[in-house]
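Chain by chain, the residues run as shown.
2 protein chains.
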Amino acid sequence: MAKVYNFSAGPAVLPHAVLAEAQSELLDWHGSGMSVMEMSHRGKEFMQIVHEAEQDLRSLLHIPNNYKVLFLQGGASLQFAMLPLNLLGDKKSVDIVDTGHWSKLAIKEARRYSAVNVVASSEDRHYLYVPAEDTWQRDPNAAYLHYTSNETIGGLQFPFTPSSLPGVPLVCDMSSDFLSREIDVTQFGLIYAGAQKNIGPSGLTVVIVREDLLGLAQPDTPTMLNYQVHADADSMYNTPGTYPIYIAGLVFKWLKEQGGVNAMAARNAEKAGLLYHAIDSSNGFYTCPVDPEFRSKMNIVFRLKDESLEETFLSEAKKNGLVQLKGHRALGGMRASIYNAMPIEGVKALVHFMQEFARQHS
Amino acid sequence: MAKVYNFSAGPAVLPHAVLAEAQSELLDWHGSGMSVMEMSHRGKEFMQIVHEAEQDLRSLLHIPNNYKVLFLQGGASLQFAMLPLNLLGDKKSVDIVDTGHWSKLAIKEARRYSAVNVVASSEDRHYLYVPAEDTWQRDPNAAYLHYTSNETIGGLQFPFTPSSLPGVPLVCDMSSDFLSREIDVTQFGLIYAGAQKNIGPSGLTVVIVREDLLGLAQPDTPTMLNYQVHADADSMYNTPGTYPIYIAGLVFKWLKEQGGVNAMAARNAEKAGLLYHAIDSSNGFYTCPVDPEFRSKMNIVFRLKDESLEETFLSEAKKNGLVQLKGHRALGGMRASIYNAMPIEGVKALVHFMQEFARQHS
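Which chain is which? The protein sequence lines are U and D, in order.
According to the numbering used here, the first sequence holds residues 1 to 362 in order.
According to the numbering used here, the second sequence holds residues 1001 to 1362 in order.
Rather than coming from a laboratory, the hints here were simulated on the basis of the structure.
Incorrect hints may have been included.
Stretch-level coverage of chain U by chain D, calculated; a stretch enters the list once three of its residues show a Cβ under 8 Å from a Cβ in chain D [said to hold, decoys possible]:
id : stretch
1  : 30-39
2  : 198-208
3  : 221-230
Predicted model only: the values in this text are computed from it and were never measured.
Glycine included, C-beta positions come from ideal geometry on N, C-alpha and C.
Work out the full structure: start from the sequences and follow the hints.
As C-alpha cells, then:
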C-alpha cells in the first residue's frame, strides 16, 4: 500500500521524521554498536536518553522544579487505581467530573478505594457537553478533584482548566490532549497521560506530580503502584519500558523543532477547524453531535445521515489511503483522530474525500 | 563503533535478524502503510501480530489449552504483588524459596499481603547454591510454592524443577531463563517472565497461568492487577505495550527457525561451558564463586583475583568490542549474560580476550 493517513485514536500516527530517525539508528544508536532496545536501562547511553527526554518535556511544558516527571507503565487504567491509593491520604472522598467513558472508568476504579463525589455529569445529554463549572457540587474536603480534559471516545474536550478549591489538588487525565496546547502546570497537583496518542508508542505513561503529594500512599499500596517509589528512583525502580521512552524523547525533540506546544495548538486548531467546517457545511450529510464549544480538537466524531452508507464510507476512504476512521464500538459512527503528528495534508485529504463522497451519495 | 558483543543482563542483546527485520518494516508493516507503533491495538493488523506471537510461544513451550498466555506490563516487580493478590484466595500463607536478590524481593512484597513461609534459603552461604529439595520446610496449606529459576544477579540457576505438594501450585519467576531450555508447563500453576532477557525489549511481561487459578483475586485488587481481567480480555483490557509484543513475536519466530527451545538449550550449554572452562582453567586468575552444579547458563558471574585490575579489564574489554560486563552493583565483580541471542562467536571472543588479559597481567 502507498502512504496512508492514519486516523487511529491510539496507538496513533507518529511523526514521520521520528520514525525515520528511529529506523536509521535501530541497529546502532549513536555509534554504540547497540540498538536502544538492547541497552541496559542503567547504562550511560540510556541514562542520557531518559535524561534528555525528561529535560525536553520539562522545557516544552515549563514544568517547575517542585514537580516530578515519572515514566511509568500500565496506561491511564492503572492510574485510575494509583490515584486514590496514593493521594487519598487521611481524606475520605475524592471529587470526579463525569464527562464520558474514561471519567466513568476513573470513577468506578476510585470507588474501590474511596468514596467518590461526582461533582457534575453530562450523562443526561449523552456526554455532548461539559457541565458549567458554576454548577459543580464540590466537596471542600475532597482529597483531589479529577477531570478528563479530552474524552477520546466521545470527542469532547474541556475548553478551560477548572479552578480548584484551596487544599484540593487538581488531577487531570490528559491522555489524549497532552502537549496539544499550552497548560499552566502550576494549576495542577498531578497530570497523567498514556503515551499512545500525543507522546509515542503504547506502554508508557507520563505522570507529572507535585512533590508535596508524594508519600501519602495507603499502606497496602503495591510497591510498583507507589508514586514515591518511582520518584525516589527517577523512574528506575525496576526496568522501565525503554524503547517507548526513547521514541517519546524523539517526539519531544520534534515538538521543539516544530515550535513547541503553542505552535502545535495553532496547527491543531486549524486542522480541527477544517474538519468541523466540512461537517457543518455538508447540509446535514455529516453531523457532529457534540455541542460546538466543547468539540475536541483531537478526536472529531461524526455520523452520516444515512447510517447504511457507513461501511461504504470506510471502505472508500481506505481505498483513498484514509484509514482507521471507524468510531469506537461503544458509540458507532466515525472518528477522525488528528493528534499533533497528523499533518494538515492528511486532514485536507480527508475533507476532500468527505466532500466527494457526499456529492456522490446525496 | 564497530559491531559489539553486548553482555548486558537486561535489557539485553536481541537476535540481529530480528532487529534487521524490525528495521526494514519500521515505517511500513507488511504494506499496511503504518509502523507497528502506529497501529490500533484492536485493528486487524495488530490482532494478527499478537495472535501469531501467542501461537508461536504456545508451540515453542507446548503450552496446553488450559493455560492462558497473558501479555502484561510492569515486569517481575509488579508480579511480586500480583501473585499474592491473585492466588492467595482463602489460604493464609505462601511458600517461597530464597535463593538471592530476586527471591528476596518476591518475599518482601508478598509479606504485604500474606504470611510467607521461606521454605529454604541459601543466604547462609551468600546464595552460592540451591538448597537441596529434601531439606525444604513446606507448608501443605500454602496457596502456592514460588521459586526463581535463575537468579540474574547471583548467577545461580535451578538445575531441576521442584516438585509441588498436592493442591499447592508451583509458581516460577522465569524472567532470566525463559525459553532457554525445555520445561514441562503442566508442572506449573503459573510462570512469569519479564521480557528484557530472553524474549524481547523491556515493557512486556509474559504470564502463563493455569485457568483454574483465575478468579481468586482479593477484593481490593486493582483491576489492572487482576489476572482474570486480562485473561477475559485476551490481554486487551486496555492498550498493551504493542511494540514489545511485536518484537517478542519476531523473537519467537526466530527461535522456531533456530530449532526451538531444545536447540537453544544445547547452544546455551555449549556457550556457558566455554566460559566456565575459561574461568576454571585460569589458575585462579578468574574465579566463579557459585557451586558448580548450580552455575547459571545465562548469567556467568566471575571475579578477578586482583580486584584492582577490574577497571582495566572492563576498559580493555570495551576496546575489544565486549561491553556491559560489569557485575551488578550489589555484588561487584564481572557478569557475562549470554542469553539465547548471544552468538557463540561473542562468547568465543570473550574467552579469547579473557585468556589474553590473564596472560598479560599474570
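The hints, checked one at a time:
Counting residues of the stretch 30-39 of chain U whose beta carbon lies closer than 8 Å to any beta carbon of chain D gives 8, which meets the minimum of three for the stated coverage. For the stretch 198-208 of chain U, the assignment as covered by chain D holds, since 5 residues bring a beta-carbon within under 8 Å of that chain's beta-carbons and 3 suffice. Using a Cβ-Cβ cut-off of 8 Å, 4 residues of the stretch 221-230 of chain U lie near chain D, which meets the minimum of three, so the contact claim holds.
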